[in-house]
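> Those protein sequences? They're chains A and B, same order as listed.
The first sequence begins at 1 in my numbering and counts up by one.
The second sequence begins at 281 in my numbering and counts up by one.
None of these hints come from the bench; they were simulated from the model.
Just to be clear, a hint being listed does not mean it is correct.
To be verified - Residues of chain A clear of chain B, computed beta-carbon distances all greater than 12 Å:
{"hint": "1", "residue": "R19"}
{"hint": "2", "residue": "G52"}
{"hint": "3", "residue": "D263"}
Stated by the list, open to error - FRET-style restraints, in silico, Cβ to Cβ:
{"hint": "4", "chain 1": "A", "residue 1": "G203", "chain 2": "B", "residue 2": "Y286", "range": "34 to 40 Å"}
{"hint": "5", "chain 1": "B", "residue 1": "E495", "chain 2": "A", "residue 2": "G108", "range": "52 to 58 Å"}
{"hint": "6", "chain 1": "A", "residue 1": "D263", "chain 2": "B", "residue 2": "D373", "range": "26 to 32 Å"}
{"hint": "7", "chain 1": "B", "residue 1": "P554", "chain 2": "A", "residue 2": "G108", "range": "36 to 42 Å"}
{"hint": "8", "chain 1": "A", "residue 1": "E208", "chain 2": "B", "residue 2": "K462", "range": "57 to 63 Å"}
{"hint": "9", "chain 1": "B", "residue 1": "Y286", "chain 2": "A", "residue 2": "L94", "range": "55 to 61 Å"}
{"hint": "10", "chain 1": "B", "residue 1": "F566", "chain 2": "A", "residue 2": "M251", "range": "49 to 55 Å"}
{"hint": "11", "chain 1": "A", "residue 1": "G52", "chain 2": "B", "residue 2": "M415", "range": "34 to 40 Å"}
{"hint": "12", "chain 1": "B", "residue 1": "Q324", "chain 2": "A", "residue 2": "D51", "range": "32 to 38 Å"}
For glycine and all other residues, C-beta sits at the position ideal for the given N, C-alpha and C.
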Amino acid sequence: MGLEELERLCTQVRRDILRMVHKVNSGHPGGSLGCAEFLVALYNEIMTLEDGFDMDGIGEDLFFLSNGHISPVFYSVLARKGYFPVEELNTFRLLDSRLQGHPATHEGLPGVRIASGSLGQGMSVALGAAQAKKLNKDQRLVFSLHGDGELQEGQNWEAIMYAAGKKVDNLISTVDVNGKQIDGATDEVLPMGSIKAKFEAFGWDILEIDKGNDLEAIVSGMKEAIRRTGKGKPVCVLLKTEMGNGVDYMMHTHAWHGKAPSDEQLENALAQNPETLGDY
Amino acid sequence: MKKYTYTEKKDTRSGFGDGLTALGRANPNVVALCADLVGSLKMQNFIDENPERFFQIGIAEANMIGIAAGLTIGGKIPFTGTFANFSTGRVYDQIRQSIAYSGKNVKICASHAGVTLGEDGATHQILEDIGMMKMLPGMVVINPCDYNQTKAATLAIADYDGPVYLRFGRPVVPIFTPANQKFEIGKAVMLNEGTDVTIIATGHLVWEAIQAGEELEKQGISAEIINVHTIKPLDEEAILKSVAKTRCVVSCEEHNYLGGLGESIARVLAKNNPTPMEFVATNDTFGESGTPEKLMEKYGLSSTAVVDAVKRVLDKK
Chain A
1 MGLEELERLC TQVRRDILRM VHKVNSGHPG GSLGCAEFLV ALYNEIMTLE DGFDMDGIGE
61 DLFFLSNGHI SPVFYSVLAR KGYFPVEELN TFRLLDSRLQ GHPATHEGLP GVRIASGSLG
121 QGMSVALGAA QAKKLNKDQR LVFSLHGDGE LQEGQNWEAI MYAAGKKVDN LISTVDVNGK
181 QIDGATDEVL PMGSIKAKFE AFGWDILEID KGNDLEAIVS GMKEAIRRTG KGKPVCVLLK
241 TEMGNGVDYM MHTHAWHGKA PSDEQLENAL AQNPETLGDY
Chain B
281 MKKYTYTEKK DTRSGFGDGL TALGRANPNV VALCADLVGS LKMQNFIDEN PERFFQIGIA
341 EANMIGIAAG LTIGGKIPFT GTFANFSTGR VYDQIRQSIA YSGKNVKICA SHAGVTLGED
401 GATHQILEDI GMMKMLPGMV VINPCDYNQT KAATLAIADY DGPVYLRFGR PVVPIFTPAN
461 QKFEIGKAVM LNEGTDVTII ATGHLVWEAI QAGEELEKQG ISAEIINVHT IKPLDEEAIL
521 KSVAKTRCVV SCEEHNYLGG LGESIARVLA KNNPTPMEFV ATNDTFGESG TPEKLMEKYG
581 LSSTAVVDAV KRVLDKK
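Chain A with its partners taken away, still in its complex shape (with noise of 0.2 Å):
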């Protein structure tokens, strides 16, 4: 997929995201709007992907979601992507609906392969199947996003230490850098210091990404991970983003990490991403 094409896929996924959540008056748009262009380039020029879904993904790479509020980011890219229907996307949050508020396999969503939304257990179930992956002699990679906050979380350092003291090289592991969490900067919230030095001083390969909304620069920090892999370390992003991307007034805040905007709020919000490739 060209730039200009991943780009406008980019602006589609925004107004989904915008528009789901205001339809329910919940969900959390501002860590969804940051990774729209990172998981927009992980589906549609980085990960190699079989057709449909299995759950087991024999032969192809996998991702997980830690942060798994960011759902609606996840559902968009996922229907864009062919999984489920992109009418599906309007039951999100909604009775009887495949997409809970956050991701589940318990209804069966296409693309998704563990329930995630309490923190901090996404990176433990990658390296699971990252060796499940080595067991079966399976060449693919896993990849996982985890927010920066959420590594406050203690399980994420269990993971971290045992990925690297066991040699898990076929993990490539991001971390939404944003510096923002519900309840204010993350360095007020619990000053975390530096996270790249931590994962240095636990023995990963790190690998940051400072323009994280750019996504050229994403794709090409991301193709600099897999040649990374496979060479006795796992591999770190640091993927530095804007929560609330692409809606001037949901930037440079972390009031939005889960709140839906008003009707107007809304429209204001979709003039500044005109619809691309159809809304659904």
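Given the coordinates of chain A, assemble chain B onto it according to the supplied hints.
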């Protein structure tokens, strides 16, 4: 009273270890994980024979549960091993989200359950694990009674597709289950047919129930004794059939009476056939250090306690 004798005593955890070894040979998809308790869980033989299929996680149970969930994606059948306390309470949310809610085919194998863990004391003696695990939708909960039954259960759960909690213990106990007895998940085992009272026991309490049955026979009381190794799904049919005959029940378990087997039985009875009932279980308390035998006695889990409970329930009949 049917005679139950034994020639050997063994720990139920060895039944798990030997079952796991057999699975290692029979099923290439079986993998094992341990959080630094290989010796206690008797996993060394499996490791020696299948080093590539064993994952030493270190002292990090939350990570172990997550890794086990991930290993199922790719077709593996993970067996996690640590003490019951660290298999459940410590990692409840990890089990809830990554295994139970996600419907992953993980076998959570838990040793040193209950007070018979002994001298290490209450920090390690969990008496709430059955309750926690049975409340999780879709979780199967199994508590076998001796070495043979634990080995058979270990083999059986590999063939079942879905999350399972397998609970066993540390002390050596008599082996009275036939080695060739097939283990059917959710199917109670009738140990003795009787007419006056139904004694339903699980885990280490099954042997105590048998001994109580012998003592009761001397006193002219005919006890029906049922081994309920699967607490969930519960064999409701076997329980109701027996109660229709005896019209009173004593439940026996090495667990808090809150949340245990007894409460599951009481629910079935209250709904279908309200019946006088007594509970042999710990009385909403933590345990303490001591030998397994002394602890069973002090916490009201011995065969004497079962006999006393039968007397009480007969008075209510």
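> Hints first: check each against the structure and report whether it holds.
Evaluation of the provided hints:
{"no.": "1", "hint": "R19", "in the structure": "holds, 27 Å"}
{"no.": "2", "hint": "G52", "in the structure": "holds, 16 Å"}
{"no.": "3", "hint": "D263", "in the structure": "holds, 34 Å"}
{"no.": "4", "hint": "G203/A / Y286/B: 34 to 40 Å", "in the structure": "violated, 52 Å"}
{"no.": "5", "hint": "E495/B / G108/A: 52 to 58 Å", "in the structure": "holds, 54 Å"}
{"no.": "6", "hint": "D263/A / D373/B: 26 to 32 Å", "in the structure": "violated, 37 Å"}
{"no.": "7", "hint": "P554/B / G108/A: 36 to 42 Å", "in the structure": "holds, 40 Å"}
{"no.": "8", "hint": "E208/A / K462/B: 57 to 63 Å", "in the structure": "holds, 58 Å"}
{"no.": "9", "hint": "Y286/B / L94/A: 55 to 61 Å", "in the structure": "holds, 59 Å"}
{"no.": "10", "hint": "F566/B / M251/A: 49 to 55 Å", "in the structure": "holds, 52 Å"}
{"no.": "11", "hint": "G52/A / M415/B: 34 to 40 Å", "in the structure": "holds, 36 Å"}
{"no.": "12", "hint": "Q324/B / D51/A: 32 to 38 Å", "in the structure": "violated, 44 Å"}
Hint compliance for this structure: hints 4, 6, 12 are broken, all remaining hints hold.
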